[in-house]
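The whole structure should be built from the sequences, with the hints applied where relevant.
Protein chains: 2
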Amino acid sequence: MSSILVTMVAGRAGTYRITSQRVVRGEGLLAHGAEPTHLTVESGHLTVLPSDAAWQLRGATGAQRYTERHELDKLTAVQPGLLRPEATHGAMIAIRKTGAWWALAQDERRAIFEARSRHIADSMRFLPAIARRLYHARELGEGFDFLTWFEFAPEHQALFDELLGQLRASEEWTYVDRELELGLSR
Amino acid sequence: MSSILVTMVAGRAGTYRITSQRVVRGEGLLAHGAEPTHLTVESGHLTVLPSDAAWQLRGATGAQRYTERHELDKLTAVQPGLLRPEATHGAMIAIRKTGAWWALAQDERRAIFEARSRHIADSMRFLPAIARRLYHARELGEGFDFLTWFEFAPEHQALFDELLGQLRASEEWTYVDRELELGLSR
Numbered sequence: 001m002s003s004i005l006v007t008m009v010a011g012r013a014g015t016y017r018i019t020s021q022r023v024v025r026g027e028g029l030l031a032h033g034a035e036p037t038h039l040t041v042e043s044g045h046l047t048v049l050p051s052d053a054a055w056q057l058r059g060a061t062g063a064q065r066y067t068e069r070h071e072l073d074k075l076t077a078v079q080p081g082l083l084r085p086e087a088t089h090g091a092m093i094a095i096r097k098t099g100a101w102w103a104l105a106q107d108e109r110r111a112i113f114e115a116r117s118r119h120i121a122d123s124m125r126f127l128p129a130i131a132r133r134l135y136h137a138r139e140l141g142e143g144f145d146f147l148t149w150f151e152f153a154p155e156h157q158a159l160f161d162e163l164l165g166q167l168r169a170s171e172e173w174t175y176v177d178r179e180l181e182l183g184l185s186r
Numbered sequence: 001m002s003s004i005l006v007t008m009v010a011g012r013a014g015t016y017r018i019t020s021q022r023v024v025r026g027e028g029l030l031a032h033g034a035e036p037t038h039l040t041v042e043s044g045h046l047t048v049l050p051s052d053a054a055w056q057l058r059g060a061t062g063a064q065r066y067t068e069r070h071e072l073d074k075l076t077a078v079q080p081g082l083l084r085p086e087a088t089h090g091a092m093i094a095i096r097k098t099g100a101w102w103a104l105a106q107d108e109r110r111a112i113f114e115a116r117s118r119h120i121a122d123s124m125r126f127l128p129a130i131a132r133r134l135y136h137a138r139e140l141g142e143g144f145d146f147l148t149w150f151e152f153a154p155e156h157q158a159l160f161d162e163l164l165g166q167l168r169a170s171e172e173w174t175y176v177d178r179e180l181e182l183g184l185s186r
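Protein chains in written order, with the working numbering: chain A, 1 to 186; chain B, 1 to 186.
The reader is advised that the hints may include incorrect statements.
Identical copies look the same in the list; a pair holds intra-copy or inter-copy alike.
[As the list claims (entries may be wrong)] Cut-off 20 Å, straight-line C-alpha distance, at most; resulting in silico cross-link-like pairs (SDA-like, lysine to any residue):
1. 74 <-> 62
2. 74 <-> 103
3. 74 <-> 105
4. 74 <-> 127
5. 74 <-> 106
6. 74 <-> 124
7. 74 <-> 155
8. 74 <-> 102
9. 74 <-> 154
10. 74 <-> 134
11. 74 <-> 104
12. 74 <-> 108
13. 74 <-> 129
14. 74 <-> 38
15. 74 <-> 63
16. 74 <-> 86
17. 74 <-> 132
It should be emphasised that the hints constitute simulated quantities derived from the structure, not laboratory data.
Written out as structure tokens, the structure is:
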């Protein structure tokens, strides 16, 4: 179980079409050249970018930071993999959390994350419709702490919007000070 | 509280003299050119290395992954900062943990780390003699998961060796499959 390293590259061509882009909170991403229309997830941490790249964001999968065994077993039983043929819609949500969040001890963050915000328990009903993969970006010096990748079939767009609404209404999200949302399709 | 990003660069000159080098477990580090004699901790993640660099390791500080509030308060009260004038000796311990470790849920890792290995509680008696800073490297795609930096006065060398012995005898350390130890002085 090694870490999966990726570089998300936005440009004028790529695997996914960017169907929407929304700066939910804080600063957006500055594009080099023309506004990007497409996004590609490249394997590894690229040091040389395609010359037409508008921006890049690097991430790495990591171990479970809050999920406990009883939760992990439930999740593992129902969560789908990426790249299901029918899951042609997707989203990339990049967030940064505040210094106050990061200064908390582990038990304090867990209490906000799950006991009070029910991040895991309340997300369970969106499975297996919505596939998800979390990339950590904070240790990479990116301007975001997390890049979350979602994939779902077009008929689950409303369900996905509901999931986002639920997360954003949580106590956990009061610690988010920068958020970018990209809608995607392939 | 943002992440502190560093690049440790080994070469033929630098801030710290490498007084010892020991591959405790697994593969060592392949040096480019002559064996390094010195180590410097540069700020940031360098993309261009000095031409005489033998190797580099990048790391980033992160939030507390296991430490709970009651432990953090105790630690904060007694742990010293880096660069105390008398703390001219030091060490850099690089470790990698197994896939089995990373596949565990958060509560399982916490139980091994603290309830059974007493990583925090048993390290407390080495404070404030030994200053310590943990850098995460796994998300950076380095060959190690953690780089731990230690600083202490020469008269505390035996105490430091005791700390290392204690850590290596713990259940937690059975999950370590690669470990490199550098002794340092400035």
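Here is what the structure says about each hint:
{"no.": "1", "hint": "74 <-> 62", "result": "within (19 Å within a copy, 28 Å between copies)"}
{"no.": "2", "hint": "74 <-> 103", "result": "between (30 Å within a copy, 15 Å between copies)"}
{"no.": "3", "hint": "74 <-> 105", "result": "between (26 Å within a copy, 12 Å between copies)"}
{"no.": "4", "hint": "74 <-> 127", "result": "within (10 Å within a copy, 41 Å between copies)"}
{"no.": "5", "hint": "74 <-> 106", "result": "between (22 Å within a copy, 15 Å between copies)"}
{"no.": "6", "hint": "74 <-> 124", "result": "within (9 Å within a copy, 37 Å between copies)"}
{"no.": "7", "hint": "74 <-> 155", "result": "neither (25 Å within a copy, 52 Å between copies)"}
{"no.": "8", "hint": "74 <-> 102", "result": "between (27 Å within a copy, 18 Å between copies)"}
{"no.": "9", "hint": "74 <-> 154", "result": "neither (25 Å within a copy, 51 Å between copies)"}
{"no.": "10", "hint": "74 <-> 134", "result": "within (17 Å within a copy, 32 Å between copies)"}
{"no.": "11", "hint": "74 <-> 104", "result": "between (27 Å within a copy, 14 Å between copies)"}
{"no.": "12", "hint": "74 <-> 108", "result": "between (23 Å within a copy, 16 Å between copies)"}
{"no.": "13", "hint": "74 <-> 129", "result": "within (15 Å within a copy, 45 Å between copies)"}
{"no.": "14", "hint": "74 <-> 38", "result": "neither (34 Å within a copy, 50 Å between copies)"}
{"no.": "15", "hint": "74 <-> 63", "result": "within (16 Å within a copy, 27 Å between copies)"}
{"no.": "16", "hint": "74 <-> 86", "result": "neither (23 Å within a copy, 52 Å between copies)"}
{"no.": "17", "hint": "74 <-> 132", "result": "within (15 Å within a copy, 38 Å between copies)"}
Of the numbered hints given earlier, the model fails hints 7, 9, 14, 16; all others are met.
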